[in-house]
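Student: In case you want the letters, here they are:
2 protein chains.
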Amino acid sequence: MREVFQQELREVQERLVEIATLVEVSIENATSAFNESNVSLAETVIANDDKIDALTVSLDELAINILARQQPVARDLRIVVSALRISSSLERMGDMSEHIAQLARYRFPEKVVPKTLRSTFAEMGRLDVEVARKLTELLRTEDVAIAEQIRNDDDRIDELHLSVFDKVLGETWKGGAEDTVDATLASRYHERFADHAVSIAKKVQYLATGDWQVSSTPAS
Amino acid sequence: MREVFQQELREVQERLVEIATLVEVSIENATSAFNESNVSLAETVIANDDKIDALTVSLDELAINILARQQPVARDLRIVVSALRISSSLERMGDMSEHIAQLARYRFPEKVVPKTLRSTFAEMGRLDVEVARKLTELLRTEDVAIAEQIRNDDDRIDELHLSVFDKVLGETWKGGAEDTVDATLASRYHERFADHAVSIAKKVQYLATGDWQVSSTPAS
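So the protein sequences, as listed, match chains A and X. Mapping the first sequence onto UniProt numbering, position 68 (from 1) lands on 68, and the numbers just tick up by one. Mapping the second sequence onto UniProt numbering, position 145 (from 1) lands on 145, and the numbers just tick up by one.
Here chain A stands alone, though its shape is the one from the complex:
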């Protein structure tokens, strides 16, 4: 029984790694499509998001089946519940990739953002890809040092996100309303992508360090 359960937990982990790997490909393609105005790559990202969604649904069903059949308690229970939450965040990361790709497709053959913002978005995109890679690695290895790196990358992305607003609201901004709308949304999607990764990293760190100290449940 215990051995079957351990095998099932491994399967949950493998599936999370599988989904994270697809998210990694998705953000790589989305940011390339965005930065290089590559419409076919954008279409690929949009088409592949269904696969990510289906795999998260399927993983959720597996997790619920494990809860029903194995009735885990204590740390094992936390692992399965965390898997449900991690899959939900991965699904949202896929959505952010898709939104970035949709902006690229919508603006094609033009680029989404004007010249003055391109290096900023190239750097945000590079960091999002980096965050996705580290996240897959973290889910595979449970090496909590990686969680710290993801948080650092996220801090840098937050700075770049703010710098987009500085530029858009600065005196030298020559963009029209469409550029402003697109830069605002694109920056938000890049930033949210990394936020979800940080949220997953916290959960993995939590599990790996066994720090299950939770405040007692108040009677509200």
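It is worth saying that the hints were derived from the structure and are not from the lab. One or more of the hints may lead you astray.
The list cannot tell twin chains apart, which means a pair is met if one copy fits it or any two copies do.
Stated by the list, open to error - DMTMM-like cross-link-like pairs, simulated, lysine to aspartate or glutamate; straight-line CA separation at most 20 Å:
{"hint": "1", "residue 1": "K202", "residue 2": "D50"}
{"hint": "2", "residue 1": "K202", "residue 2": "E91"}
{"hint": "3", "residue 1": "K167", "residue 2": "E178"}
{"hint": "4", "residue 1": "K202", "residue 2": "E61"}
Place chain X on chain A using the hints.
Tutor: Showing chain X alone in chain A's frame:
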């Protein structure tokens, strides 16, 4: 045992209703603060979001404790897992209210959006409040007819969200970059608020109708 479990499920439901009620107050205050440029109301929303966050954490702990102690199966298990997901969506609805309030505070004493957009945002805000009220009612009564109403309100909010972009990108738009950024973000927050409500409504409908037909879990 069974009776204790039923009592615990009722407590989960009551806590969800309690959090939804706070979200309702939060969006009422946030949209008033936004539309009337009321900075003290905005501060209230921002300060109260911690309470919503704490209550969702506490509800999650209760749900996990129930899983550990009662080891529910079948529909009962689905109910508890759904509660975890519903609380996560309620928490995000609270965040959207907070973001709307933050825009109001940031722009104070000015209003966030220029005159041409005010009636649109007033209507979006009114609908978000309506959606929140219906959601509390749905969680309290499990009357699935309400789920349908929430979806209809959400469709209308989506239309208004698109109409914001039509105005901002139209020839008569006189707003500067700051107005454009704020209108874009504000519209997105209003729209996302309702999206989360729809997602909760689907889960409640799912539970109430007992439609647990899920595709078999593929071996991926």
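Student: Hints first: check each against the structure and report whether it holds.
Tutor: So, going through the hints one by one against the coordinates:
In this assembly of identical chains, K202 and D50 lie within 20 Å of each other by CA distance solely across copies; the values are 19 Å between and 26 Å within a copy. In this assembly of identical chains, the alpha carbons of K202 and E91 lie at most 20 Å apart whether taken from the same copy (17 Å) or from different copies (17 Å). Proximity of K167 to E178 under the C-alpha cut-off of 20 Å is found in both arrangements, the shortest distances being 15 Å within a copy and 11 Å between copies. In this homomeric assembly, K202 and E61 come within 20 Å of each other (Cα to Cα) only across copies, at 17 Å, whereas the closest approach inside a single copy is 23 Å.
No hint from the list above goes unmet by this structure.
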